[in-house]
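Fit chains B, C and D to the given chain A structure using the hints.
Residue numbers (this note's numbering), protein chains in the order written: chain A, 1 to 343; chain B, 1 to 343; chain C, 1 to 343; chain D, 1 to 343.
Keep in mind that the hints were calculated from the coordinates and are not lab data. A hint or two may mislead.
Identical chains share a label here; the pair holds if one copy fits it or two copies do between them.
[As the list claims (entries may be wrong)] Straight line, CA to CA, 20 Å or less: simulated DMTMM-like cross-link-like pairs of lysine to aspartate or glutamate:
#1 K123 x E308
#2 K161 x D116
#3 K277 x D315
#4 K161 x E120
4 protein chains.
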Amino acid sequence: MIFASDNWAGASQPVIDAMIRHNTGTAPAYGTDPLTERVTARFREIFEPHVPVLFTATGTGANVLSMAGCARPAGLVMTSGTAHILCDEWGAAEFHTNGMKLVSVATRHGKIAAGDLAAEIEKHPEGSRFGVPVALSLTQASECGTVYTPAEVAALSAAAKARGMVSHMDGARFANALVHLGCTPAEMTWKAGIDILSFGATKNGCWCAEAMVVFNPDCVRDLATLRARAGHLFSKSRFVAAQFDGYFGDGHWLDLARHANAMARRLADGLAAAGNKLAYPVEANEVFPLLDPATIARLRAAGAAFYEWPEAGRDENRVAVRLVTSFATPEADVDRFVEIAGG
Amino acid sequence: MIFASDNWAGASQPVIDAMIRHNTGTAPAYGTDPLTERVTARFREIFEPHVPVLFTATGTGANVLSMAGCARPAGLVMTSGTAHILCDEWGAAEFHTNGMKLVSVATRHGKIAAGDLAAEIEKHPEGSRFGVPVALSLTQASECGTVYTPAEVAALSAAAKARGMVSHMDGARFANALVHLGCTPAEMTWKAGIDILSFGATKNGCWCAEAMVVFNPDCVRDLATLRARAGHLFSKSRFVAAQFDGYFGDGHWLDLARHANAMARRLADGLAAAGNKLAYPVEANEVFPLLDPATIARLRAAGAAFYEWPEAGRDENRVAVRLVTSFATPEADVDRFVEIAGG
Amino acid sequence: MIFASDNWAGASQPVIDAMIRHNTGTAPAYGTDPLTERVTARFREIFEPHVPVLFTATGTGANVLSMAGCARPAGLVMTSGTAHILCDEWGAAEFHTNGMKLVSVATRHGKIAAGDLAAEIEKHPEGSRFGVPVALSLTQASECGTVYTPAEVAALSAAAKARGMVSHMDGARFANALVHLGCTPAEMTWKAGIDILSFGATKNGCWCAEAMVVFNPDCVRDLATLRARAGHLFSKSRFVAAQFDGYFGDGHWLDLARHANAMARRLADGLAAAGNKLAYPVEANEVFPLLDPATIARLRAAGAAFYEWPEAGRDENRVAVRLVTSFATPEADVDRFVEIAGG
Amino acid sequence: MIFASDNWAGASQPVIDAMIRHNTGTAPAYGTDPLTERVTARFREIFEPHVPVLFTATGTGANVLSMAGCARPAGLVMTSGTAHILCDEWGAAEFHTNGMKLVSVATRHGKIAAGDLAAEIEKHPEGSRFGVPVALSLTQASECGTVYTPAEVAALSAAAKARGMVSHMDGARFANALVHLGCTPAEMTWKAGIDILSFGATKNGCWCAEAMVVFNPDCVRDLATLRARAGHLFSKSRFVAAQFDGYFGDGHWLDLARHANAMARRLADGLAAAGNKLAYPVEANEVFPLLDPATIARLRAAGAAFYEWPEAGRDENRVAVRLVTSFATPEADVDRFVEIAGG
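Only chain A is shown next, with the shape it has when bound in the complex (with noise of 0.2 Å):
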């Protein structure tokens, strides 16, 4: 019953044959093999437009590449308080950036509203000894576990460009997002106005497989540089596109998603039945139900791993719990999560 993570899983068995499978002869290093460009290709099919494609090392990587790649002095970057670039990345951002800030913008389930955006947005006027918005960075699915439609992107873009800040998607989980939404990835993105996004595939079933996926080409200028000055690009690049090119094939990357997502809805169903209350919608693979003490500790010595989340939620009985699923989440398990749950 592990469900502290989604990288706590291994890699998928599809993506691990293509690793096999591409671990033939020599290759070109350095992503100039012909494995990357025909990954890179299948990349653009997904997104339809002629995109660049940067595989980093990692989902931190990938975002603060991202914003180093529109960096200036005295910028600051507009997220919410619970995003990963701004809490969970040991301040990679503001290093990666030579010091820009990271300005928290209010949030409602995660999810940044575009009449709070610009209303952050105004309060730094040119000029401003505070400093100067350079870019927003939304994440998709949001770490509450919730899902920007198409329409609210689209919003929160609109406010960035109008004052020619640069927007950023942080999709480490892209495809729980998708496969929630159902639409295109291309209406996920760049028809929604976002510039450049963080592409994470390590999650749903990767072993280390993120990538920068550009839009706007004017925030492509340096960036190839800027990842190689990071020790991001990797000597033997195909690995990582073997991973993709397993990850993509005959839309295995989609049915890992819906059975991550399947088991959080699962989850969330059969919590909620049992009376618990979940302190966020749930959209695409995370929970946050409000546990009792003993709750915790029954399951806990039952075996089930998961991390308490004060700041989704806690009342003098209760704290909210943190469930994430993944594409190998089994289903037993979630039926016995909630059982013990249940109690």
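Relative to the frame of chain A, chains B, C and D by itself:
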């Protein structure tokens, strides 16, 4: 006939097997899993003392984070004029150290002599406005395919330490150097005064397995945070651990390096027998023969991949080329190359 | 009627006289001249212990180099939400510390309470991926014109030190705070746990005289190099020394601050007597009355210069304005301002 | 007999007079005062076109912020091996550019030749992992006391521009070079392809008056913010403006430089007449004679201050020394020095 680089090879079968073997169930993320712990213990057996081991995404990451860990304002890193950290890492060391200067010391066959290092250090006394010597970075095996003896490493480290400098080894081809010397990993590193090592396994049969091995506790203080901030902490760290597990098993890593070195030796002997001059002694897995344009054209026409390397040597008729062998180089390719070159 | 800022004033006559007096003959450059040495000794008399003193070009320089001297990766600087270092320095602290985050702690009247600081520190335990508390930065007098008592400074420093943090004081208005408290410089700083001080004299009658005064030897290690690397080491350093020489002579600096504070008190009393509410207690040389638009317009029409300061207070009829007095503020200007405002 | 540096001098009387003259009343801070505006207009008259002018605290500040304004990842700055920005600024350029490399080009008498620059640029083609040429930085007058002709500057700028590089002039001794050439400021700068200039007045009679003069609008984009972020924006900016006001008045700046140059010429002629070899031609205010130890000792005993400069020349009996004259050097000191040296 691929002699362009050892990083054009794929991964060795035992390394791949280990990745498959360990892709079961879930495991805690960010390097807190049992396999990472087990592999770290294995590193300690190999290097004898109790050493912190931190995986990184790339060799560049290991090199420049090692330098970041000891960075000081106006600091100087002494290195050879052919060092990878200086010539081939897109200014990563300068960036991650917030602007330390890399100073190239005179070399012979890619190796720095202790006397030349001492003379260079002397040029920068306390209070120099050019900068203050902070670290020495040696490449073992060197970029010219030569190998420092433990005594040479010790003399260089002593010269560095006389000024309070950190002694770093870039071990991108650590195993190739080790099997050439026939000494222990400890003798080649901390027993010879090395404080911190970039341990590379990617070029020698892994797909991405690099680590910082820290012998001097003074070098470890903020290293884990620096790595995380650089985006070099894998969530599914166990897959790097798995590669090392396969790599170290049954001395597999040494076998791989012995093969690569033997192929380089065979190549060198064959080329020398045919009257070709070699720019440097062949001690690891690189050979730098001087070839004439007709020979180069003939080899390329036959499908050989390699780079011209004029900095290694050039006369009116011939130019040096760099030939790198790997764990995967077939003996037949070597023989065919020699035959064609022999003309 | 200039109340826009104390940095709109020029230099006091004794300060100018000292500059002229010391402009004779030649002197060694970069702060190695006898006058710099003599003035440093004077600093030591003022602060009692043996302290390194490093002049900087600006108060921003002193603040951010103080932070750079203790910077660590993923470090956090705790400060108030109105702090100059956070709000008014163009991201200088973030840049010079290679990306530390500035975290704003709740305040009352511009002052942080020790309990709130401790609570904020608590949120970032060892290993937090948001960041690690590294320093506290207090502004004395605060940006709201209030003054920390030595006991309050001591409580805050104690909370910081309990976590190993450096305690920094931004003393841009040091003298104004000092004469308000009537204590010694030592009691307001190192005796209350301050490790490093930005000592500002520019706003109080110099034209450019700022210094870092280092009480804790741990904070001094690379500070001189950091200052030089920032371009803040004057070649003709003696002219800064000369200003301090004039500033400190015969208690001149305290006289200047007493005048500025008295003018603020007179302004506050006059405005309050006329029924205007003040947003904050008046303890140094700043007054924040709430004024209605008609009054503001009347004052501006009469030539008064000041800024609206809505963050200090606003209701449906009135908005706060910031009035700053200086050593050079004429009493007549104060009285005329009050008269017009009373209008 | 002070020949240690021109920055050992104080400020000239007209410069001081201007500071006193402008120390009346209040003025807006941070460079928005009328005097700063007036002086900026004066700069424009001097340099002819409409140019942004940004004061900085030091020459180092002007140099490294000029480089920061055009910084790119993995960027290279080409400069001479004796350049102040490389040798004497504590790694400031590397820091403020987030790690650009400074590459030294071969020089003759401290001056780079266009052919050598082109050859160095050639070594770093697009895609080089060593780095990408971004800027050229020339020192005028050079650190060896020689002066580039406008034709030489133009040839160098052309070589830089052929690769899209920014052409920067470090004019710490701008006036000394200008009066030597007898050309206009425009001819020595933008008409010869200079994009951005560090205009130094400190060494030539101000106490602290340095500015970036921006000829190429592409270089100005974030420059004001970079300056502020570096802590180089003075609140009481008018005092720098005042110095420039005095400096430029009635051609005072050119008179000061002419005196310094004449003293250097007199020194050179006297030393040469006495049979002393000079390491470099004397074109500005620096003289590098080779002296024997006995002469050096005799001069020091007589109170002469100067530095030995072995990098300028050394043979078995003699070593070069650097003698710098200034606006304030008395003719009598020159004559006495020559007399003692003559032995």
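Please write out, lowest number first, the hints stated earlier that are contradicted by the structure. Violated hints: none; all satisfied.
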